[in-house]
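K.L.:
Same order as they appear, the protein sequences are chains A and B. This note's numbering puts the first residue of the first sequence at 56, with every later residue one more than the last. This note's numbering puts the first residue of the second sequence at 6, with every later residue one more than the last.
Hints were generated in silico from the structure; no laboratory data involved. The beta carbon of each residue, even a glycine, is placed where N, CA and C say it ideally should be. Take these hints with a grain of salt, some might be off.
As the list claims (entries may be wrong) - Which residues of chain B face chain A? A partial, calculated answer using Cβ under 7 Å:
1) Val55
2) Leu57
3) Leu87
4) His93
5) Pro96
6) His97
7) Ala107
8) Tyr149
9) Pro150
10) Cys151
Unchecked claim - Incomplete in silico selection of chain A near chain B, CB under 8 Å:
11) Gln176
12) Ala179
13) Leu185
14) Gln189
15) Thr193
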Amino acid sequence: MMLAVSFWEVTEALLTGFGNSLIIFFFTLLFALPLGFIFAFGAMSRKKWIRLLFRGFIWVIRGTPLMLQVILVFYGPGLLFGPTFSFQSRLAAVILAFAINYACYFGEIYRGGIESIPQGQYEAAQVLGLNRKQTFTTIIFPQVVKRIIPAMSNEIITLIKDTALANIIAVGEIIMVAKETVSINGVLWPLFFTGAFYLIFSGLLTLLFSKFEAHYRYYRSI
Amino acid sequence: MAYLEIKNLSKKYGEKEGIQNLSFNLEKGKILTVLGASGSGKTTLLRCLVGLSSPDQGTVTLEGKNLIQVSQEDNIFSRIGLVFQSFHLFPHLTVLENVALAPLLASQKKIIFKQKTVLNDDRARTEAERLLEWVDMSAKKDAYPCELSGGQQQRVAIARALALNPEILAFDEPTSALDPALRGEVTRLFKDLKSRGKTLIVVTHDLDFARSVSDDVLLLKDGKIESQGPASEMFQTSIPIAFEKNLVE
Numbered sequence: 056m057m058l059a060v061s062f063w064e065v066t067e068a069l070l071t072g073f074g075n076s077l078i079i080f081f082f083t084l085l086f087a088l089p090l091g092f093i094f095a096f097g098a099m100s101r102k103k104w105i106r107l108l109f110r111g112f113i114w115v116i117r118g119t120p121l122m123l124q125v126i127l128v129f130y131g132p133g134l135l136f137g138p139t140f141s142f143q144s145r146l147a148a149v150i151l152a153f154a155i156n157y158a159c160y161f162g163e164i165y166r167g168g169i170e171s172i173p174q175g176q177y178e179a180a181q182v183l184g185l186n187r188k189q190t191f192t193t194i195i196f197p198q199v200v201k202r203i204i205p206a207m208s209n210e211i212i213t214l215i216k217d218t219a220l221a222n223i224i225a226v227g228e229i230i231m232v233a234k235e236t237v238s239i240n241g242v243l244w245p246l247f248f249t250g251a252f253y254l255i256f257s258g259l260l261t262l263l264f265s266k267f268e269a270h271y272r273y274y275r276s277i
Numbered sequence: 006m007a008y009l010e011i012k013n014l015s016k017k018y019g020e021k022e023g024i025q026n027l028s029f030n031l032e033k034g035k036i037l038t039v040l041g042a043s044g045s046g047k048t049t050l051l052r053c054l055v056g057l058s059s060p061d062q063g064t065v066t067l068e069g070k071n072l073i074q075v076s077q078e079d080n081i082f083s084r085i086g087l088v089f090q091s092f093h094l095f096p097h098l099t100v101l102e103n104v105a106l107a108p109l110l111a112s113q114k115k116i117i118f119k120q121k122t123v124l125n126d127d128r129a130r131t132e133a134e135r136l137l138e139w140v141d142m143s144a145k146k147d148a149y150p151c152e153l154s155g156g157q158q159q160r161v162a163i164a165r166a167l168a169l170n171p172e173i174l175a176f177d178e179p180t181s182a183l184d185p186a187l188r189g190e191v192t193r194l195f196k197d198l199k200s201r202g203k204t205l206i207v208v209t210h211d212l213d214f215a216r217s218v219s220d221d222v223l224l225l226k227d228g229k230i231e232s233q234g235p236a237s238e239m240f241q242t243s244i245p246i247a248f249e250k251n252l253v254e
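So that you can see chain B by itself, here it is in the shape it has in the complex (with noise of 0.2 Å):
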């Protein structure tokens, strides 16, 4: 049984197809990346994996449960994090309230955030402590999102989406929104990630970030797979044909 199992994933937009039968598989631990033309379908596929869209048809299932039919007590959200291109981060929250946010809600706790407010359950503090920390943001801890460089503001959203400790983590686009300068940075974060045994799902445009992190490889072509398989063998035949017929930019 694979760990992740994509089958018959279709997704319409009106008369628009997203996708159309995505059926794929995911072992533990790897990084699978999404390449394909603007319009392709790979941000719609990473909306329905995390539940952002709902599929028209298909299963995702994880370790044999089918994501898109679980109860609100073991929700998709928990197993599979997203961090967005533009990160959307909390503008009215510091740094810590950004990350400590979804556990504490996650455990009922009635919070409402003030100016300068100090959390005050432990548990979700110095975990979200450990977490900026983790992705050494916490000189940062106090600070609002508005006074973070974008790469700043990418490592707190890495820190917020893990805070719900998800056993897969997508990222849309995670390289476009920085300077090139922090591609190399970008490249170290997802390999410690995949050495504490994340699962990650990286859509992106950028084939020279995707080359340095991939282990896995997934091709779309308008909503359907044109061609997948692992990076070494799909960066020595299919990319560079799919980038010479425009498929990748």
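So that you can see chain A by itself, here it is in the shape it has in the complex (with noise of 0.2 Å):
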């Protein structure tokens, strides 16, 4: 039976749960971002067993789902040391699943991109006396920026539609919301209405990443 149920109604508890998903995108970038170089710097490392370490972490949680991960940092830790150490908040084990499944990812973008520049603009810097910190911030970094913009602006796309695991553990996030207002109110529209929230916050992703890739054409490299 359809029972009758306002757009507004149905707006403000898209949003709502959208609000859900934006505080997991956002903390996830916020504590991904920086953590990736730390995954990057590991598995690039010149001592065999960091090298090792970092390069088998990442390859479990790139080999894994990331929605057992989630079930796995929520359930883990109260199952494992007792009720004390269960988390409080389910956004919060969320986020953290998210940020160390992101950050493996980041990291090996990260290192590709290092990676990827000539050892020839090593070799410049080490010539004209830069050292590695300065070799690293003003000429391996900026370039390394310019080169892993496209692959970022996917997996950071891939990171909005990825937040509807969350409701794996009961976070109300978009998702969750919408198929509650569909089994409650049996009505199919909110769906579609879901899906255009993901469509316009990605359309908004690509144009801001567009913005990047233009502001770093003004030098190609030779």
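Reassemble the complex: the two chains are provided individually, in unrelated frames, and hints are given to aid placement.
P.N.:
What follows is the structure in structure tokens.
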């Protein structure tokens, strides 16, 4: 049976859900973007055991579903160490799992970017007397940023869609809210409306990354 | 005491000998060309001289100071500059920024280059502009390396290497990435550098170019010195024989 539900009621509910999706999205970026550097440098370490440790960890995280990781992070501590170690906030558990997962992907993108810079750039910096920090911040990093924008934009657009996985531990993100609206009211259109939220947000992200790419178009690699 | 003295310089790459017990001297203000076939150790020698590779043994002494043991404060890079075969300009920096970068960082200025940054260190900027004027690249100071021809990139690379005012300037195959028509221009540039008191070490395959610029010649074979001497003598005797034996190309 179809129940009457107003457009504004649905919009309000979906906005609340999408608010949670955005919280997951922004906090994941906040933690994963810098954490990715630790994974990238760990995976490139000159010390073999550090390199193997980081590459092994990245392999496990990239090789298993994010949904499984969310479940494990939320239920794992409580089941392993007792209820005092349980997550008080489901959202915090989701953000932790997402941050670790995305840091691994970002780390691999950073590593690819850093390793794609020709050796000659490092050598030119070295003969000019630049130290390692100066070489990285002034020469390598600005070139890496330009090279990784397309791959990063892909990952970040995937992230907003992946936030839907939070509903596996009952975090009220937009899809969960939409599902509830559909099942309570017996109408289908809120699902399409939900799709529009994602489309608009990913469209904005696409525009933002196009701006970044255009900003870095002022030079070409030689 | 020789100006630049290289003694027993050796470098191995795994089992492969790069250079073995090279010893030679160079006087101030001279142009030394290092000739030899591919794999003869020319580039390894150059890399050891500028500090890109650590020699397994031997000394490089400039005015009595062993450059291999110098401290960070008086580092090797400010004494011997290098212009790479493919220049290795920094593509995200303008011509002016490429040239001014090393002096700016050496003076411990905290800088982050952004798009179309205007350098605000007057001394570094003026010095970089002076060097660019000298290599006839002032008109392109705000261009990016991708907008330059090979010859223009080389001139910027020379200006960049000179920015730290090195006493010796080393060149790896300076004519190989250039149109043959530009060879005369490089020859003129080298003679100009020499007239300004710079000492040059040039690794090259290009015999005609070597003949036109060299004061001294070092001929390498399998990482060892095959022969050495003043260019006038070497091009009369040793080089023609080496050419027949395929020791130079």
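K.L.:
So, for every hint listed, does it hold in this structure?
P.N.:
Against the structure, the hints come out as follows:
no., hint, in the structure
1, Val55, "5 Å, holds"
2, Leu57, "6 Å, holds"
3, Leu87, "5 Å, holds"
4, His93, "4 Å, holds"
5, Pro96, "5 Å, holds"
6, His97, "5 Å, holds"
7, Ala107, "4 Å, holds"
8, Tyr149, "4 Å, holds"
9, Pro150, "5 Å, holds"
10, Cys151, "4 Å, holds"
11, Gln176, "6 Å, holds"
12, Ala179, "4 Å, holds"
13, Leu185, "6 Å, holds"
14, Gln189, "5 Å, holds"
15, Thr193, "7 Å, holds"
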